[in-house]
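*Asks:* Build out the structure end to end from the sequences listed, making use of the hints.
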Amino acid sequence: EVQVVESGGGLVKPGGSLRLSCATSGFIFSGWTMDWVRQAPGKGLEWVSSISSSNSYINYADSVKGRFTISRDNAKNSLYLQMNSLRVEDTAVYYCARDHGSGSYGRMDVWGQGTTVTVSS
Amino acid sequence: DIQMTQSPSSLSASVGDRVTITCRASQSISSYLNWYQQKPGKAPKLLIYGASSLQNGVPSRFSGSGSGTDFTLTISSLQPEDFATYYCQQSYSIPMYTFGQGTKLEIK
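Taken in sequence, the protein lines are chains Z and F.
Each residue of the first sequence is one higher than the last, beginning at 362 in the working numbering.
Each residue of the second sequence is one higher than the last, beginning at 22 in the working numbering.
Hints in this document: simulated from the structure, not taken from any laboratory.
Any given hint might turn out to be false.
Here are the computed lysine-lysine pairs in the BS3-like style, where the Cα-Cα straight-line distance is at most 25 angstroms [what the hints assert, rightly or not]: (1) Z/Lys404 to F/Lys129; (2) Z/Lys404 to F/Lys63; (3) Z/Lys404 to F/Lys66; (4) F/Lys60 to Z/Lys404.
Now the stretches of chain F that chain Z is said to cover, found in silico as 3 or more residues with beta-carbon under 8 angstroms [said to hold, decoys possible]: (5) 65–73; (6) 107–115; (7) 118–125.
Computed from a predicted model, the values in this text were never measured in an experiment.
By construction, the Cβ of each residue, glycine as well, lies at the ideal position given by its N, Cα and C atoms.
*Replies:* Shown next as structure tokens:
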């Protein structure tokens with residue numbers, strides 16, 4: 362079964378740091394672009410960051426650029442999001458998603474259940 | 022940045038109704054438009070990609086159309102499990118994706 366499972370969310374104070382993880386199984390992780398997408402409470406979806414299969418391309422939304430770092434470990438079939446200098450507005454459910462990339466309309470076809478990050482003093 | 026605007030923001034309909042949701046891009050995105058369904062407390066689910074291609078396993082009552090700046094998602098005959106929030110997503114400016122604000126489909 363194709364699966365992605367996020368972990369690492371929690372409560373953190375403004376200015377603090379958190380590292381999210383996404384464990385994958387059921388597909389050849391090293392061959393896929395992966396994304397982080399977030400959803401603030403009661404709000405819509407916001408793309409956060411993408412990383413290509415071989416780390417060749419890494420991109421961030423302007424709202425997190427310079428504060429968040431996406432990475433992957435293909436040997437461990439895992440995706441990560443290091444979040445520094447967290448702000449109240451980063452409070453959201455963070456989803457990990459598999460991305461088909463530019464050759465197939467950038468569709469995200471496998472999503473995890475999400476991990477909740479709350480930034481509050 | 023490419024902005025995506027969905028209409029309506031919310032919609033009430035009955036089981037069996039035909040429903041259409043619209044998504045408009047701030048510039049031409051060719052057919053780089055995907056649709057997702059999200060139920061409360063759950064992850065989004067891919068329904069349509071490339072504006073009109075049905076994702077594997079998605080019922081055929083869902084269809085998508087459009088190109089350029091104007092797109093539609095149509096549900097031909099609403100089922101009880103279709104009441105959810107729907108999002109469009111542009112993937113023209115890969116990977117700087119943007120989503121529409123969502124359309125909440127409620128039971129009348």
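*Asks:* If a hint holds in the structure, say so; if it does not, say that too.
*Replies:* Structure-based check of each hint:
A threshold of 25 angstroms between alpha carbons decides the hint, and for Z/Lys404 with F/Lys129 the separation of about 23 angstroms falls inside it, so the pair holds. At roughly 14 angstroms between alpha-carbon atoms, Z/Lys404 and F/Lys63 fall within 25 angstroms of each other, so this suggested pair holds. At most 25 angstroms may separate the alpha-carbon atoms for a hinted pair to count; Z/Lys404 and F/Lys66 meet this at roughly 17 angstroms. Distance check on the hinted pair: F/Lys60 and Z/Lys404 sit about 13 angstroms apart at the alpha-carbon level, within 25 angstroms; holds.
Look at the region 65–73 of chain F against chain Z: 5 of its residues bring a Cβ nearer than 8 angstroms to a Cβ of that chain, three or more, so the hint holds. Restraint check on the region 107–115 of chain F versus chain Z: 4 residues with Cβ-Cβ distances below 8 angstroms, three needed, restraint holds. For the region 118–125 of chain F, the stated coverage by chain Z is satisfied: 6 residues place a CB nearer than 8 angstroms to a CB of that chain, which reaches the threshold of 3.
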